[in-house]
Amino acid sequence: MSLQQFKSAFGGHEVTILCQYLAVANGNQSLHSITVSQSEAKRYIANNNVKVYTVDAVKIAGEIGLGKRTSTVLQSAFFSLANILPKDEAIEYMKKAAYKSYIKKGQAIVDLNYAAIDAGADAFVKVDVPAAWATCEN
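My numbering applies: residue 21 is where the sequence shown begins, and numbers increase by one.
Bear in mind the hints are in silico, worked out from the structure with no lab data behind them.
Cβ coordinates follow ideal geometry from the N, Cα and C atoms, glycine included.
Careful, some of the hints might be misleading.
Pairwise CB distance ranges (calculated) [claimed, not checked]:
| # | residue 1 | residue 2 | range |
| --- | --- | --- | --- |
| 1 | E83 | S121 | 19 to 25 Å |
| 2 | P106 | D131 | 22 to 28 Å |
| 3 | N69 | L105 | 34 to 40 Å |
| 4 | S59 | E112 | 37 to 43 Å |
| 5 | Q127 | G82 | 19 to 25 Å |
| 6 | D148 | R89 | 26 to 32 Å |
| 7 | S59 | A128 | 44 to 50 Å |
Only pairs whose alpha carbons sit at most 27 Å apart, straight line, appear in this in silico BS3-like list of lysine-lysine [stated by the list, open to error]:
| # | residue 1 | residue 2 |
| --- | --- | --- |
| 8 | K125 | K115 |
| 9 | K146 | K124 |
| 10 | K115 | K146 |
| 11 | K120 | K88 |
| 12 | K120 | K79 |
Please construct the entire structure, taking both the sequences and the accompanying hints into account.
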């Protein structure tokens, strides 16, 4: 992803990062490390008030019984954060779509997806962007 694509996608908005490792410093959630290949992208995040959230969708999907299938968890977190629709309405639409998509595989599969939707809706954690990113060097 180029910096221009990054700016177009995330400028002034939320960024959700699939993350299994989150550091807790002084009781506050903070980014311990994040792989962003360009220092310019880090500066853009820090200087443009981009909100960053993590979702441990791998852990959640595994606990629910979906293995490594994380998309439903992440989709639910996205719609909860994006405010495209009211959260409850978005969850309702996702559940209707899950039913339509998976009922042929059985109610148990539908229920797994419902659980992923419910878990993902609140699974995100807002993290502090390190102040050092505002002036990081290439």
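> Looking at the structure, which of the earlier hints fail to hold?
Replying inline: Checked against the structure, the hints that fail are numbers 3, 9, while the rest are satisfied.
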